[in-house]
Amino acid sequence: MIKLIKPLSRRTFLQATAAGAGLLAAPAIISSKALASSGEVNFTGWAGYPKLAEVVFPAFTKATGIKVNFTELPDQDAMFAQAKVAVEAGGIDVIEPTIDRWGGWNANGLLQSLDESKLAMGNYLPGLADGAAGERSRLDGKLYYVPSNWGTEALVANDANAKLSSPPSLGDLFSADNQVVLRPHSTLAAMGRYLDAQGKLPRPWIDGYSDMGAMVQLWDIALAEAIKAKGNVVQWWSGENEANAGFTANGATLGLCWDSTGYNLRKDGYKYVAPTEGAFAWHQGFVMMKNAKNVEQGLEFMKFVSTPEGAAGWATAFSSNPVGKGAADLMDPDVKAYYNGTFNDEALSKLWWWPEQTAEFISKRGEYADKYRAA
Amino acid sequence: MQDLLRRYGATLTGAFVVLTAFWLLALVILPNVTLFESSFRYYLPVVDIGGPKDVYTLANYQKFINNPVETSFLGIPFTMPIHMITFFNTVIFSAIVTVITFVLSYPLAYYLAKMVSPASLPTLILLLFIPLWVSEALRAFAWYIILTFNGPLNSSLVGLGLLDSPIRWQNGVVTAYDAIVIGLVYTYVLFMVFPIYGSIQSLDRNQIEAAEDLGAKWWQTHWRVVLPHAKPGIASGCVMVFMLSAGSLLVPTVLPSTRSNWFTQTIQVLMLESQDWNSGAAYSFLYILLCTVVVTLVMWLFKVKLSDIAK
Chain U
0 MIKLIKPLSR RTFLQATAAG AGLLAAPAII SSKALASSGE VNFTGWAGYP
50 KLAEVVFPAF TKATGIKVNF TELPDQDAMF AQAKVAVEAG GIDVIEPTID
100 RWGGWNANGL LQSLDESKLA MGNYLPGLAD GAAGERSRLD GKLYYVPSNW
150 GTEALVANDA NAKLSSPPSL GDLFSADNQV VLRPHSTLAA MGRYLDAQGK
200 LPRPWIDGYS DMGAMVQLWD IALAEAIKAK GNVVQWWSGE NEANAGFTAN
250 GATLGLCWDS TGYNLRKDGY KYVAPTEGAF AWHQGFVMMK NAKNVEQGLE
300 FMKFVSTPEG AAGWATAFSS NPVGKGAADL MDPDVKAYYN GTFNDEALSK
350 LWWWPEQTAE FISKRGEYAD KYRAA
Chain S
0 MQDLLRRYGA TLTGAFVVLT AFWLLALVIL PNVTLFESSF RYYLPVVDIG
50 GPKDVYTLAN YQKFINNPVE TSFLGIPFTM PIHMITFFNT VIFSAIVTVI
100 TFVLSYPLAY YLAKMVSPAS LPTLILLLFI PLWVSEALRA FAWYIILTFN
150 GPLNSSLVGL GLLDSPIRWQ NGVVTAYDAI VIGLVYTYVL FMVFPIYGSI
200 QSLDRNQIEA AEDLGAKWWQ THWRVVLPHA KPGIASGCVM VFMLSAGSLL
250 VPTVLPSTRS NWFTQTIQVL MLESQDWNSG AAYSFLYILL CTVVVTLVMW
300 LFKVKLSDIA K
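Order-wise, the sequence lines are chains U and S. For the first sequence, the tail end lands on 374 under numbering that gives the first Met the number 0, and the numbers increase by one without skipping. For the second sequence, the tail end lands on 310 under numbering that gives the first Met the number 0, and the numbers increase by one without skipping.
Since the hints were made in silico from the structure, they are not lab data. Be a bit skeptical, because a hint or two may be false.
[Claimed, not checked] Below, in silico cross-link-like pairs of lysine-lysine (PhoX-like), each with a Cα-Cα straight-line distance of 25 Å or less:
#1 U:Lys363 x S:Lys52
#2 S:Lys113 x S:Lys216
#3 U:Lys83 x S:Lys52
Work the whole structure out from these sequences, hints included.
Written out as structure tokens, the structure is:
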């Protein structure tokens, strides 16, 4: 099926038309800019962040001459599905999963390792591409993943009506005083971490991510506790817009949401608060498809997003944090102030990075989420 | 075929046949066969596909009867597998949607077919059609806005003094599926109106008059004369609305409560969140099969034959 269609793909069509156009416009091609042109990179990333195409890609093309063919997908489940197709059919060079997921992608035979000599590993802020995160970016010593930006999932609270304990805790999500907007699987993890911090679990919550027996034991407890507190949930969210509507349209006073949700609501009387147990943190970045056609250009692209300009642009587009040294100074002052308001050094040191979640774990997690929804 | 050849010549006819065959084979049959085949295989990493672990199995179908949880129906507690509960909820509420659309559609269809003056009929039908020109997604979202806590319904009811405090309509006043039922009825009501309208239209006015002349009360006329005649239209309307509701993903996703789960959402989670296409495929085929069984049973119960609907 896919192979039948391939000879007619947009790219071959574009190449053919470009060749024709090239003959017609020969004088225009002999300019310094055109000579610097060194091809293209097929990048598949997140939908809904228009500043990538408006600001970052033009800056990259200006700096390197490489054109970015951008495919937008709504979430990384769709990206994984697309990558599974593309590993047979081609069409993707670079794609942007989170750090906890590339292991599963690699186990599915989708990725190739990165040539570190063509990247600038010194560009990254400490802690993002080295240390624990660095270890999680590598397999058998080979680098597979470099970060593009990072962010958090924490409490979005209404200034006037949210009842937060002191210090604010994940437990506030399960208090009958608050009307909450949640997503099921994160909520169960929040319940687990809250119980863990209270010393109410038979073993550490983190054990569940490496041992399926422990997972069932711990998630059963978290599920039972979460069901008891379900009465104050006013709406589920699965994406940015739903989370936003949960607060504005359905009147939630508290939620466990992405930082971007808090940022977008900052002028409507909501604040973004790190719980005392530590905010959930994610780390998003680039991987190279096993069958990438434009490997050099892809590495160049990854390297650009580690420079101050690229990292700041990427983080601004996502309303998140930059990965490159010197990027913070180039950030939108609004975004910078918003982050510094939530994360002081203590909150930063407490960040809880989502552990790697295997396919088996995610499937089981889905069952727990189903039970929680149905209860 | 001869007709086609005579009218368009060999080249064009050949092109028609080849294109239709391509459409059917490559875009309909082949993907479904692939999905069907993959539903009998384990979800494995790409490296293990074709290896010793890659064998045929019924395990994906068996997941439907795993994971029992405690629940209750009409106050009677019992345990049932979680996805089976989702399936029964979906079927029951799709049936409720079907009954409500029928109750709304039958008087309207009868009015359009037998009572309205022929001159105003086109205008009325146009008025019914206009909402169909708006996309289903927008119509569902419009209901989301209407039913939200800070939405227009609550603010007008509170403003008029009919309510003391706003209600969370979306989370269900009667059941957890209120908002979904409203959304589905609104989306699919015309699929009921038009088949019934079509079948009532073919009823001879004289039969209704004869019934009235012979002293039948208005409800007897409907029960004994109009309804039996309209049965094929009602049956096809019901089958369509039921299957469309049971298969809807958009409305249950836009208008969920915190306790609702539609079977299509379970399949979507398997396919996209768990990335387990094999189980997703198994659930899809199981769902088609089970829905067909339900429809067949109901048709048997109401003594409707497939050939009636085809009319």
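Structure-based check of all given hints:
1. U:Lys363 x S:Lys52: Between U:Lys363 and S:Lys52 the Cα gap is close to 20 Å, so the pair holds against 25 Å.
2. S:Lys113 x S:Lys216: The hint holds at about 17 Å.
3. U:Lys83 x S:Lys52: 19 Å, holds
The structure shown violates none of the earlier numbered hints.
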